[in-house]
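Asker: Going line by line, the protein sequences match chains A and B.
In terms of the working numbering, the first sequence opens at residue 4 and continues consecutively.
In terms of the working numbering, the second sequence opens at residue -8 and continues consecutively.
Just so you know, these hints were derived from the structure itself, not from any lab.
All of these numbers come straight from a predicted model, not from anything done at the bench.
It is possible that some hints are incorrect.
[Stated by the list, open to error] With the Cβ distance kept under 8 Å, some of the chain A side facing chain B (calculated, not the full set):
no.: 1; residue: I29
no.: 2; residue: L30
no.: 3; residue: L107
no.: 4; residue: F111
no.: 5; residue: I121
no.: 6; residue: A266
[Stated by the list, open to error] A few chain A positions that, by computed beta-carbon distances, are all more than 10 Å from chain B:
no.: 7; residue: D65
no.: 8; residue: V67
no.: 9; residue: A104
no.: 10; residue: R146
no.: 11; residue: L287
Every residue, glycine too, gets a C-beta built ideally from N, C-alpha and C.
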Amino acid sequence: MTAAHTARQWHGYAFVGPFLLVYAAILVAPLLLGIWISLHRADLFGRREWIGLGNYAEALADPVLHQSIVNTLVLTLLIVPPLTLIALLLALALNRATRLAAVLRGVFFSSLVLSVTIVTLIWRFILTPDAGLIAEALEAAGRAPIPFLSDPDLVIPAIAVTTLWWSLGFPIMLFLAGLQQVPGDIYEAAALDRASRWTTFRRITLPSIRRTLLLVVMLQTAAQLQIFGQAQLLTGGGPGGASRTMVLYIFEVSFGRWELGYATAIAELLFGMILVVTLLQYWLVTRREEER
Amino acid sequence: MSAAPSSRPLSPLVTGLLLVGAFIMLAPMLWTLLLSFKSNAALMADSGAAFAPPYTLENYRAIFAGSLTTRWLLNSLIVSTGATLGVLVLSSLAGYGFARLEFPFRRTLFVIVLLGLAVPEQAVILPRHQLFAMAGLHNSYPGLILPSLTGSFGVFFMTQYFRAIPRDLDEAALLDGASRFTLFWKVLLPLTIPAQATLGVFTFLASWNDYWWPLISATTSDYFTLTVGLASAQMNYAQTSGLGFLMAQAVFASIPILIVYIAFQKQIVRAMAGTAVR
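Isolated chain A, as found in the complex (with noise of 0.2 Å):
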């Protein structure tokens, strides 16, 4: 091998080489950087001590963690799966090539452009009994103003509705993009057969965009398990820590409290947590697909 052929050889590395030094300060190193201080008693300000699992041992026994888990998860199961099956109807519903269906998906789109903080600004004036615009329009019904963001039984599902408001334009996105590669001539022969809509969307609609669907809900549910502004901006995790995310919690922990040791164990086993559900949804999608 020639000297020059070797250097031809290696300057690949002046392409991906900038990207892979930035990936390996700001990504890679902070992420083992994670696990080693999830193994100490630490602070904000680089004071360590060794404590190897003691972090995880205190989340095992820590109750307000645990909530935090319960309250992620209700939330995650609140809002993935309608969220998915709203998205997917909007996107079966605006498939087509008229003017009002490509008005309508503006319109739909529209919410994904604003950040959580204006999400939140409006839907606390929203769902506030202060006068907020559903308090205003039940008391033109003569009825009683509803506390949402106060009640620890409407909390949840508050936050949920708000988030599905705000979430609805990228996996309508996504499913559009995925109802378009879905082949024309294989809906010419389902209605050649005089295929009913319904054996139509199940026989061939869903089976063609089936990897969206994963896609989609794979990216949501990783997406709400870190869910973190909405209930840090509309209730601070009331009342009571009805509303503590897992999330939130990690940011208390380590903003609040300082005990950035225990936040790292926790935000390590949120990680895990994501992995698991994530591989398991994708595992068990394409598991059927080989039975198939």
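Following the hints, position chain B against chain A.
Answerer: Chain B in isolation, oriented as in the chain A frame:
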């Protein structure tokens, strides 16, 4: 194509449901818009006042008259533009490298980059905060921009795009005596402009709306982005005393991103069709 569902007209029932849905989507935004044109005093007295005149521009005037909102807007623009340019440059270079060049450990490195897709922000954000503190990067533009540049998605996306370009083009250019870099810069890169637009818009959107990282990295109000600034404003106000002003800030903060979105909407949707499905 006559049987494809996309050409069937909507039934009246479905149309009705869609219009109700559209109303639910739009009503909160229109209400916000109305509130932003009402004086704070009028809203204090009666928030139902939003639905009737008089309307005023006083809240928007207040934004420009010495509030920090314009500074936060500038910060958001700098951070989002920086993140977008950074992601486009790094992803294009790396995408070309992984798609076209042979070098030691290429496959291994590509797999390591792809594994990054499975790493949620939560797994890195706290230790990253520690590292940035050590490097003195908090409350600075690089500190706000750098975390956006680690996304594996951009590299994956650009690699796929470069792979789809026929190799005949490379060979023709190299026979003409072009260097690897000229080939990349003059021949292939111009062909990836649709991909650049899509990746750019999504990066800009994500960076503009990012909340967790700027919340903990920017602690002085001079370096707040709009999301964090508005969150702090939201916390500082008593429930309704500055409602009109808050809503005007919300509208003001959404205008730039709406412009970007509307300008690129076609490109976004088209590119999603090509990539998201596989």
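Asker: If a hint holds in the structure, say so; if it does not, say that too.
Answerer: Here is what the structure says about each hint:
For I29/A, the suggested interface contact is upheld, since its CB lies about 5 Å from the closest CB of chain B, less than 8 Å. Because the closest C-beta pair between L30/A and chain B is about 4 Å apart, less than 8 Å, the hint holds. At a threshold of 8 Å, the smallest CB-CB gap from L107/A to chain B is about 6 Å, leaving the interface hint in force. Residue-level restraint check for F111/A holds (minimum Cβ-Cβ distance to chain B is 6 Å; threshold 8 Å).
For I121/A, the shortest C-beta to C-beta distance to chain B is roughly 5 Å, which falls under 8 Å, so the interface hint holds. Because the smallest distance between the Cβ of A266/A and any Cβ of chain B comes to about 6 Å, under 8 Å, the interface hint for this residue holds. Taking the minimum C-beta to C-beta distance to chain B, about 17 Å, the non-interface status of D65/A holds against the 10 Å cut. The beta carbon of V67/A sits about 17 Å from the closest Cβ of chain B, which is more than 10 Å, so the claim that it is off the interface holds.
A Cβ of chain B approaches the Cβ of A104/A within 10 Å, the least distance being about 8 Å, so the stated non-interface status is violated. The claim that R146/A is not at the interface with chain B holds, since no C-beta of that chain comes within 10 Å of its own (minimum 16 Å). At the 10 Å boundary, the C-beta of L287/A stays outside the reach of chain B, the nearest C-beta of that chain being 17 Å off.
Comparing the model with each earlier hint shows a violation of hint 9 alone; every other hint is respected.
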